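Chains as they are written, first to last, in my numbering: chain A, 1 to 412; chain B, 1001 to 1412.
There may be inaccurate statements among the hints.
Unchecked claim - Label-pair restraints from in silico Cβ distances:
hint, chain 1, residue 1, chain 2, residue 2, range
1, B, LYS1154, A, ILE115, 27 to 37 Å
2, A, TYR167, B, GLY1314, 53 to 63 Å
3, B, GLY1187, A, GLY359, 55 to 65 Å
4, A, ARG105, B, ILE1199, 51 to 61 Å
5, A, ARG93, B, SER1189, 24 to 34 Å
Hint data in this document are derived by calculation from the structure and do not stem from the laboratory. Note that the structure is a prediction, hence the values are computed from the model and not measured. Quick reminder that beta carbons are idealized off the backbone N, C-alpha and C, glycines included.
There are 2 protein chains.
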Amino acid sequence: MNCTILAVGTELLMGQTVNTNAAFLSQELNELGINVLFHITVGDNPHRLDKMLNNALENSDMIITTGGLGPTQDDLTKEIIAKALGRKLHLHRPTYGKLESFFKRLNREMTNNNIKQAYLPDNSIILENNAGTAPGFIIEEREKVIISLPGPPKEMKSIYFDSVKPYLQRKSEYTIKSKLLKFVGIGESSLENVLVDLISNQTNPTLATYAKDGELTLRITAKGNSHEEIDSLINPIVKEVESRLKEYIYSYRGEVLEEVVVNMLLSKNLTLSLAESCTGGLLSSKLTSVSGVSKVFDRGIVTYSNTSKSEELGVRESTLRTYGAVSKETAMEMALGIKRASGTDISLSITGVAGPTGGSPEKPVGLIYIGIATDSSSYVKKLNLTGDRNKIRNYTTIAALNLIRKTIQEEY
Amino acid sequence: MNCTILAVGTELLMGQTVNTNAAFLSQELNELGINVLFHITVGDNPHRLDKMLNNALENSDMIITTGGLGPTQDDLTKEIIAKALGRKLHLHRPTYGKLESFFKRLNREMTNNNIKQAYLPDNSIILENNAGTAPGFIIEEREKVIISLPGPPKEMKSIYFDSVKPYLQRKSEYTIKSKLLKFVGIGESSLENVLVDLISNQTNPTLATYAKDGELTLRITAKGNSHEEIDSLINPIVKEVESRLKEYIYSYRGEVLEEVVVNMLLSKNLTLSLAESCTGGLLSSKLTSVSGVSKVFDRGIVTYSNTSKSEELGVRESTLRTYGAVSKETAMEMALGIKRASGTDISLSITGVAGPTGGSPEKPVGLIYIGIATDSSSYVKKLNLTGDRNKIRNYTTIAALNLIRKTIQEEY
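This is chain A alone, in the form it adopts within the complex (with noise of 0.2 Å):
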């Protein structure tokens, strides 16, 4: 089976909106098997909207629409589905009342425009929307699929996995599952040579790579006649992985590394605190994002000025002037120097030259010193990042959480 995406709106074409619905729809219909051949974008225009309609019907099996459901005059998608295969739109009771008590709900008058969302087309399967007022359909017709999602992503996903994934599953006659593995430490080249054979060899399982912010995906992708099967053909390959790749997982589920840290912290009942220079927060920020993290974060200071690294971690003057705030020195009393007010189990610290000015032939930029602190031990790491500010602060962030990470994993 093969899949057409195309997404409606004028703000696309506008330049707007950045469509991610294409690229998670794409995501989620190659795990499941299906082909996308293309993604086609056309703005709120009933003529070009019908002529893309009808391409995509005549080159795909099925086709994906996004956006134009709305109750505004400029939404149009369902119109012009409807004319194209030559059904009505009626009213559909459930969706009508819905809305109503949603608008009740609000204490807000609910107008005409807003009642065009109940009406739906002839003979299609209605997707309740969880997440908004406009639902979804799909349409069978002849060989051919058509399913209209609305724009905002929250609500095309959440229509998505309620109703779309279940119905593309029940069609296939395999079952498909997916397995993430989540590497940190590696590039993606690097993971895609180690990993080479099994990645050109498999036709099922599937591997594929996906890269983006320093965060690094493997995604097994497996399809067979039932869970025992699939789990059968996965398994193997992800102890293959294992066997050469172990030290750089992170994550069988897809987390986010921050996610797996204060999880872990929050397993073995640890406490963190921290000292950025160069990161400016950025760490603090990131492990904040993680909800339960006020249960093993205590506290994180950010150092910005020499100053400050004396008077809130007791970072000794004559350090500072003898190795400078970007060196190892300085790192270690940082990490000892937050150990030492926050009590914390682990402590860690961040040193560095972000860029793009304050560098020298000595100090580079990129140039990163990270220290760590527990009770039994403390270290300093050295890296040296390329890239501009905004890359060298998040694989600094990356490369201490990585360090979070070993450090429990070696000690606790």
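Using the hints provided, position chain B relative to the given structure of chain A.
Same frame as chain A, but now just chain B:
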């Protein structure tokens, strides 16, 4: 003039990469008065690429392709375009020379694959790539224009600004210019309501709003025969917008809010310190993303635990006991505490409930207090925000930045 943006790359159809190029180019083209009709994405498949290329040639005056110009066998955009237009590829000596010295500098062998990048269509305008190895090109064929750019956004943008934008500006009969006004403290729909008459009735200049992560932009675009003429069209609109919304405007140059705040601190020679609780370092991290901030940002303390609020900031235990950590009293003592410790001109504190847990009927998720202290004043602002943890944390930092901005405006 109208345009189709055609992205080439299987990674897009797999959902491994989000097509941000289409949004970037759309914004730029719309600003030049070029109407974007379609975005199309195809994989590295010669047959489907050829089909969509011909489709786009039929439906639009101009096509911009992104991707498929690299050294691998999968990269075939150039070959398909040349074939579709009946042109041959020939070795472009300057590009070859550039590649040769590039690989010499890296001490790497230049493989045949790489030489492929120096073969370019006959009679095309070659667009030098100053951010990578694969050049772009422009083909003018009868009334149509095809512009081919590499896929990596950094390279695409570099060639766009170096060569494509000047080319399009030369082709245009008009000069086109935009002015960006940025707003804070007002929502997108309120902004549109206040400006609805200007937005609906204007054709030159045109007005469009863009909202992203709490940043709100109004773009005023005008065309004319000279810069003077354009300025005479744009300036009265800017004045009119100012007369309605002056207090919300924080930039006339498209900067982000943290840049504006850092520049205000720099120009007034003021120092800043922060004490964050629920935002966990996010504000500190945003401010330190601005290069040059080290001259004005002294330190930030993330006090996640109650103990750390007392130890690091001198918040009285009786205050925490009586009013709680999320209270205007604690916010005030945090701001005064970090001011005392750092001796900076301005100190700001944040405490609140970011959720999803930790809320109560008296102190619900989204309740935030921001304290600010200067030599001459201290003040606590209360917010009631909605949304998830991420959104609440992000909007809190925007409100805090805006409070610093207004304080500087009023007091210095």
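Hint by hint, here is what the structure shows:
1. B/LYS1154 <-> A/ILE115: 27 to 37 Å: violated (48 Å)
2. A/TYR167 <-> B/GLY1314: 53 to 63 Å: Since the Cβ atoms of A/TYR167 and B/GLY1314 sit about 60 Å apart, the hinted range of 53 to 63 Å holds.
3. B/GLY1187 <-> A/GLY359: 55 to 65 Å: violated (41 Å)
4. A/ARG105 <-> B/ILE1199: 51 to 61 Å: For B/ILE1199 against A/ARG105, whose Cβ atoms are near 31 Å apart, the range 51 to 61 Å is violated.
5. A/ARG93 <-> B/SER1189: 24 to 34 Å: Between A/ARG93 and B/SER1189, where Cβ atoms are some 31 Å apart, the hint holds.
Hint compliance for this structure: hints 1, 3 and 4 are not met, and every other hint is.
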